[in-house]
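2 protein chains.
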Amino acid sequence: MSLQRIKVESLRDKVMTAEQAAQLFKNGMVVASSGFTKAGDSKMVLPALAERAKTDPLKITLMTGASLGHDTDGKLADAGVLTKRMPFQVDRTLRHKINDGEILFIDQHLSESAELLHNQSLPPIDIAVIEVAYIDRDGSIVPTTSVGNSVTFAALAKQVILEINTSVPEDIYGIHDIYQAENYPYRNVIPIVAPWNRIGRKTIALDPQKVVGIVFSDIQDSAADIAEPDAKTSAIAKYILDFFENEVRLGHLTDRLLPLQAGIGKVANAVLSGFKDSNFYDLTMFSEVLQDSTFDLMDAGKLSFASASSITVSKGCYDRVLGDLQRYRSKFVLRPQNISNTPGLIRRLGIIAINTAIEFDIYGNVNSTHISGTKIMNGIGGSGDFARNAYLSIFVTQAASKGNAISHVLPMVSHVDHTEHDVDILVTDIGLADLRGLAPRERAQQIINNCVHPDYREELQSYFDRACQRGGHTPHLLEECFSWHQRFAETGSMKRQ
Amino acid sequence: MSLQRIKVESLRDKVMTAEQAAQLFKNGMVVASSGFTKAGDSKMVLPALAERAKTDPLKITLMTGASLGHDTDGKLADAGVLTKRMPFQVDRTLRHKINDGEILFIDQHLSESAELLHNQSLPPIDIAVIEVAYIDRDGSIVPTTSVGNSVTFAALAKQVILEINTSVPEDIYGIHDIYQAENYPYRNVIPIVAPWNRIGRKTIALDPQKVVGIVFSDIQDSAADIAEPDAKTSAIAKYILDFFENEVRLGHLTDRLLPLQAGIGKVANAVLSGFKDSNFYDLTMFSEVLQDSTFDLMDAGKLSFASASSITVSKGCYDRVLGDLQRYRSKFVLRPQNISNTPGLIRRLGIIAINTAIEFDIYGNVNSTHISGTKIMNGIGGSGDFARNAYLSIFVTQAASKGNAISHVLPMVSHVDHTEHDVDILVTDIGLADLRGLAPRERAQQIINNCVHPDYREELQSYFDRACQRGGHTPHLLEECFSWHQRFAETGSMKRQ
Chain E
0 MSLQRIKVES
10 LRDKVMTAEQ
20 AAQLFKNGMV
30 VASSGFTKAG
40 DSKMVLPALA
50 ERAKTDPLKI
60 TLMTGASLGH
70 DTDGKLADAG
80 VLTKRMPFQV
90 DRTLRHKIND
100 GEILFIDQHL
110 SESAELLHNQ
120 SLPPIDIAVI
130 EVAYIDRDGS
140 IVPTTSVGNS
150 VTFAALAKQV
160 ILEINTSVPE
170 DIYGIHDIYQ
180 AENYPYRNVI
190 PIVAPWNRIG
200 RKTIALDPQK
210 VVGIVFSDIQ
220 DSAADIAEPD
230 AKTSAIAKYI
240 LDFFENEVRL
250 GHLTDRLLPL
260 QAGIGKVANA
270 VLSGFKDSNF
280 YDLTMFSEVL
290 QDSTFDLMDA
300 GKLSFASASS
310 ITVSKGCYDR
320 VLGDLQRYRS
330 KFVLRPQNIS
340 NTPGLIRRLG
350 IIAINTAIEF
360 DIYGNVNSTH
370 ISGTKIMNGI
380 GGSGDFARNA
390 YLSIFVTQAA
400 SKGNAISHVL
410 PMVSHVDHTE
420 HDVDILVTDI
430 GLADLRGLAP
440 RERAQQIINN
450 CVHPDYREEL
460 QSYFDRACQR
470 GGHTPHLLEE
480 CFSWHQRFAE
490 TGSMKRQ
Chain B
0 MSLQRIKVES
10 LRDKVMTAEQ
20 AAQLFKNGMV
30 VASSGFTKAG
40 DSKMVLPALA
50 ERAKTDPLKI
60 TLMTGASLGH
70 DTDGKLADAG
80 VLTKRMPFQV
90 DRTLRHKIND
100 GEILFIDQHL
110 SESAELLHNQ
120 SLPPIDIAVI
130 EVAYIDRDGS
140 IVPTTSVGNS
150 VTFAALAKQV
160 ILEINTSVPE
170 DIYGIHDIYQ
180 AENYPYRNVI
190 PIVAPWNRIG
200 RKTIALDPQK
210 VVGIVFSDIQ
220 DSAADIAEPD
230 AKTSAIAKYI
240 LDFFENEVRL
250 GHLTDRLLPL
260 QAGIGKVANA
270 VLSGFKDSNF
280 YDLTMFSEVL
290 QDSTFDLMDA
300 GKLSFASASS
310 ITVSKGCYDR
320 VLGDLQRYRS
330 KFVLRPQNIS
340 NTPGLIRRLG
350 IIAINTAIEF
360 DIYGNVNSTH
370 ISGTKIMNGI
380 GGSGDFARNA
390 YLSIFVTQAA
400 SKGNAISHVL
410 PMVSHVDHTE
420 HDVDILVTDI
430 GLADLRGLAP
440 RERAQQIINN
450 CVHPDYREEL
460 QSYFDRACQR
470 GGHTPHLLEE
480 CFSWHQRFAE
490 TGSMKRQ
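So the protein lines, in turn, are chains E and B. Position 232 of the first sequence, counted from 1, bears residue number 231 in numbering that gives the first Met the number 0, the numbering being contiguous throughout. Position 393 of the second sequence, counted from 1, bears residue number 392 in numbering that gives the first Met the number 0, the numbering being contiguous throughout.
Note that these hints are calculated values from the structure, not bench results. Computed from a predicted structure; not experimentally measured. We put the CB at the ideal spot given by N, CA and C, even for glycine. It is possible that part of the hints are untrue.
Claimed, not checked - Listed below are the simulated EDC-like cross-link pairs for lysine to aspartate or glutamate, each with C-alpha atoms no more than 20 Å apart in a straight line: (1) B:Lys83 / E:Asp433; (2) B:Lys83 / E:Glu441; (3) E:Lys83 / B:Asp433; (4) B:Lys374 / B:Glu489.
Claimed, not checked - Far from chain B, some chain E residues (derived; all Cβ distances over 10 Å): (5) Glu114; (6) Leu240; (7) Glu458; (8) His484.
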């Protein structure tokens, strides 16, 4: 315990164990917690709450920034604590219970949760748990590896429990840019015109009266797996880099491109890695999460600045960045997610957005969330915030998987998260379809020619041709459009037997 | 002809007939034209082009602000002039040819066309036709009843033909607020924080060197039909007004509400009319089009200011407003559509958006554009710009139509324009579903309870119940979800025989 991390002496008597803090929750409460892409989450109190519930059951609604680490969502789900969860999750156990209908899940654009809370479109927060590096002299708090929705939670929660994480160095102070937009109808301009602009304060305001408990931890964030690029992700990355190079040749972009946003995962890492040996320079990111590849590109001198709401990196990268914050502090900033993901900034800055699809269809509609239209995987996250408002909206997926039993390019997606209006470029390991300026029938032919796995090309062409014979702006055969999904459900393969 | 409307004397020798101007077009050209919701469109040159093509065929790509009036789209389509059309249309003839695959159509968010042009994601404009009230001394132009994309067209087109409409009084000068956002990466803040803010100039800059023809007209805009509220639209309007009153009671909104956006049509007119006898006051609009009801509410002292990109009104209202601009000029402003519809402003101002659906499903996904998933009606227009970014996103439709042979509330929509993430409130003449803070299964039960026509309630409940038995976050039966559409195609009714 490092009491000097509580710089308001009168708060020091709020220190308690996680087990004691877990007793502060009551059945039916709306609980908010820090944590965004497994970074800066509650590592003591929420797990202790799951433990408590094994013998002393209770139910809560839980909202966070985004996903939690350390299997905390799974522990809470297993202990029967969760009635409703929002706005994002990536946990296997929780996902099963959501799909079984045991736990309700609200899948929200990540920029919107704070808006909905301020607008009173969601129930008020009874208690918030926020991981911090320390409590400053004025009672304000210094977040750790994510900001997420913590500014809003601190402002609106009736009670707050702070988790001081001593594994995060105090000199993380100054990494964050804390800005809270005014409520309606008094909202002003958010004065960011470039990723590196800092417009706010370094700490999150908090009324010390609200603090009902302080718990210490020394647990690092869950380490991100870094998957090395494989043949498919390398192919996708190469198509994207070739596309960028061609846009530069055409005079549409400069070698600095425009600020990049990349979703979590292998493809994003592969694309960013690809920049290392390219002619691009002075690159920037305006994203929601920073991964290893961001810091690698900084070290390679290719990326000059990155803005996001969290850092989610491997153990090695975590130690490298948090151990050398004096060097990295001029190179990145962490913002509230309703700033990192706000539609107006994404359009103003002209973001190039790269996100992952589960499947897409011949017209360019994208499913990011649901397996066979029914079972959720993770959630839409920030992909909608970025795709709708970006300068360029790119979606990637493998053309086929599971021994090619599944095609990820389909007649019609079984669930729509991103409509064809919002999708500019689609990429698979087979190729890239540039859909800009194309009408639906042109889009379909591009996608069939360039993106679908060869095993499925003929059947997809046949579907499109037969649909066109029946006519329509967006030709479809409603009685057949989901036949690939149905075949998979029946036979384990989308292929015609 | 009123040559004094050409205040740059050297341009007066560019005056020609519409037939002469029609000769300036060449096969394969990309043509842009003013016109937004039938307001401020080309009334001479494009119709003359359709005439010319009857004996001297040519094909063009045509982009506009939004829809054209006076059946111009139909005349061009009939004459075989159009290869590709964007970003919106409402014409019966054109629609048929799009659905037959004869004409390609790109259905765009109305805020995005100008972006795509500036970003060179669309082909360059060869020639633009712009309706103006007059040409000012510096060569800049004064638009008429819409601004639409004319600022971008004037800036980017290689050649420009001006149509001076003498039926529009010269004192329309000053109604417009002309602002053009900078290109990437140099874009600044758009400094609007309230609907009445004026941030730009009064005229559209134009290089006089580009002017290749000037044509006079004295034809008014196509008059809008004003449909009186009927039982269904009145019911929908009442549910919405009751909802607003309750939000005020709950302290979520004040009696001034927040700036309103309303799509074109009967329901919007009925809702706005309903405000006349309400306690709401000092209302404002931040919309894309202003209809009769807007000016009626101004006259009733309920609406203090309206911002949009066009006015589309009845003949009586047109004469009233354009004949008394000194009185109305402090009460409304017309902006470029990439300002009226820009995502950042819609979120910053906290818009309450009311748009019309063709159909919606039990989870709140909305189809605004396609009949049975294939045939387009009009297009998404600005509904996506507003719905995604609004403070409140409301969609309305009748519960059933054609003697109740069609249900507009369905198991699954056959085309998705607005995902459940973007839809807060759904209203039919049966009732209102408030979906805020609800997970998909809760949304479904609300919609079944409150919105579906009683003739279809039992079957919709059965679908949902059976889907839930199979499980999933968003339970569906893929083999059955379009059965209502299929039944309609086969029997002319969605009802089980």
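Going down the list of hints, with the structure as the test:
1. Using a Cα cut-off of 20 Å, the hinted pair Lys83 (chain B) and Asp433 (chain E) holds, with the two alpha carbons roughly 17 Å apart.
2. In summary, the hint linking Lys83 (chain B) to Glu441 (chain E) is supported, as the alpha carbons are separated by about 11 Å, within the 20 Å threshold.
3. Our distance criterion of 20 Å between C-alpha atoms is met by Lys83 (chain E) and Asp433 (chain B), whose separation comes to about 17 Å.
4. The suggested pairing of Lys374 (chain B) with Glu489 (chain B) holds, with an alpha-carbon distance near 16 Å, which does not exceed 20 Å.
5. Annotated as non-interface, Glu114 (chain E) brings its C-beta within 10 Å of a C-beta of chain B; the closest such distance is 8 Å.
6. Distance to chain B confirms Leu240 (chain E) as a non-interface residue, since its nearest Cβ pair spans about 19 Å, more than 10 Å.
7. For Glu458 (chain E), the condition that its CB be more than 10 Å from all CB atoms of chain B holds, with the nearest at approximately 18 Å.
8. For His484 (chain E), the condition that its CB be more than 10 Å from all CB atoms of chain B is violated, with the nearest at approximately 5 Å.
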